[in-house]
Amino acid sequence: MLVPFIPLLAILINVWIKDRYKVAKVSVYASGITFLLSLFFLITYAIKPEPRKLSLIPPFEFYFDALSAVMLTAVSGISFVVHKYSVKYLQEEEGYKRFFVLLDLITVALLMLVSADNMLLFLFSWNTVGVLLYLLLNHNYRRKEAVKYNLWTLVIHKLGDIPLFLALGILFTKLGTLSLSESFSRLGEISSETFLLEGVALLVVLSAFMKSAQIPFHLWLPYTMEGPTPVSALMHAGIVNAGGFLINRFAPVFYYADLSFHLAFLVGLLTAVLGSILMLAQSDIKKALGYSTVGQMGYMIMEAGVGAFALAIYHLIAHGIFKATLFMNSGSIIHQARKDTNIPKDEIYSYLAKGSLPPRRLPWLVFAVITVVVPLVIVVFAHLFVSEDFFQFQGAIVLLFFGWITGAQVIFSTYRHAIYSVAKLLLFTVISFSVVILGYVVIGHSFEAFLYPDKEFVRKLYQNAQINELLFDLQVIALALIIAGGWFLAYYASENKEKLSPLYQRYYEKLYKLLYEEVYFPRLYKGLGRLFNYLSERLNALTRWL
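Per my numbering, residue -16 is the first one in the sequence shown, and the count goes up by one each step.
Worth flagging that the hints you see were computed from the coordinates, not collected in a lab.
Careful, some of the hints might be misleading.
[As the list claims (entries may be wrong)] In silico DSS-like pairs for lysine-lysine, Cα to Cα no more than 25 Å straight-line:
# : residue 1 : residue 2
1 : 80        : 67
2 : 438       : 493
3 : 5         : 71
[As the list claims (entries may be wrong)] FRET-style restraints, in silico, Cβ to Cβ:
#  : residue 1 : residue 2 : range
4  : 500       : -2        : 34 to 40 Å
5  : 507       : 308       : 31 to 37 Å
6  : -2        : 159       : 35 to 41 Å
7  : 176       : 199       : 29 to 35 Å
8  : 253       : 464       : 15 to 21 Å
9  : 199       : 78        : 49 to 55 Å
10 : 26        : 471       : 17 to 23 Å
The beta-carbon is built from N, C-alpha and C at its ideal position, and this holds for glycine as well.
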């Protein structure tokens, strides 16, 4: 229960230690103990799932439920790995002791955030995470680029604090309590005030957008890459993905609201698509990973937008673990690439570099049928295996649709990159995809039952996320046609390069320039910065005149 205070104890000990390496050792040990205790609490909660409250002195009041148990383990686990990694990675850097103290502080803030019951403590933790992230990103404060772009991070995070402050203020004003758990249990008292609850839900979603780098607030994330690599990894321990946690923490509010679902889905979908595309146009590996995270956070918000709240948390944890690992490994890859420029000349390289395809492939019509039918059968069967009534909600159809697209894209790419043993490669692709999808669905449904054991509550969230049936069907058909058209065009272009070359080259250059310029969002940000500077100068001049 006292897990959030262990890193704080490490900070108090490190204040009196002068040896920088001993400071790192104390910090690593504390983070390791925190992770083990969090894991123990998760296991004991899974055995006996009963929410518990802990009240020390106001405002240090905590609420430990399934969501807290999962997030405490995820945050402390990633924090421990980052602590361990940073010991040697930053040993030659200045401010070594300061870095570990800040690392422990932000861990404390995150642990308090995911377990806070008092509104003031929740808001303080949410606010403090943004400030501490700014300080960590500015570890190399002599680098002007780092300082300039990290200011964007601070500004966006502070803007994201405002909607949450207003949402908590509304709940406190109407219900008269600072306890989050008590407020959520008493929402039925104001359930008739639909407009008010819709407003609270929209404010929560807006705060989640800014914290989780949703368009148009996304630019702070890819431009934090000037900061230390361990900090980029740590951001996946409940910082950049805090939006998914926030929406889940306020899930009882969304029980009485529906407009916010549609906004979350629309913004999440746009962010997922644009972030994933912009990732492909980056030459900097860390910046590409940053845009990849933007896209993944879009998926997370989109999942919440279709009512799959538990799936958003599952996505948060799964993505946080593997992307933190990718960031920590990126430094090694960059170092290795500078020494060794050799690239293996295999079939994939030949296709990407020269556009040459293997001589033997299955007929394209056969592969087209396989591409469409096989993923659809696997995805539908996997969901039928765990829940027969899953298909009655639009949100479920959206998830199935994206699962189908993912599988179809994998098989389509297999056809284009096929090696000589096409049948064997296709067989292994289908088997691996089946295992991944089945595991994802089974774990996802089990996770949902753990976080939200009340099936009626989950059903209501899915229902609130639904839109007009005709509009929904038209959207699905339109998206399917666009994607199928894209596949056909990609195949036709590869088979008729001479005919399409001039046209393809002209539009490709324009598209690439647009993506390389990041859809001109950096220019927009800089223009806004100049505008605010100008307005500030005018205001100062007016003040002097007065």
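Q. Which numbered hints turn out to be false for this structure?
A. Violated hints (numbers, rising): 2, 4, 9, 10; every other hint is consistent with the structure.
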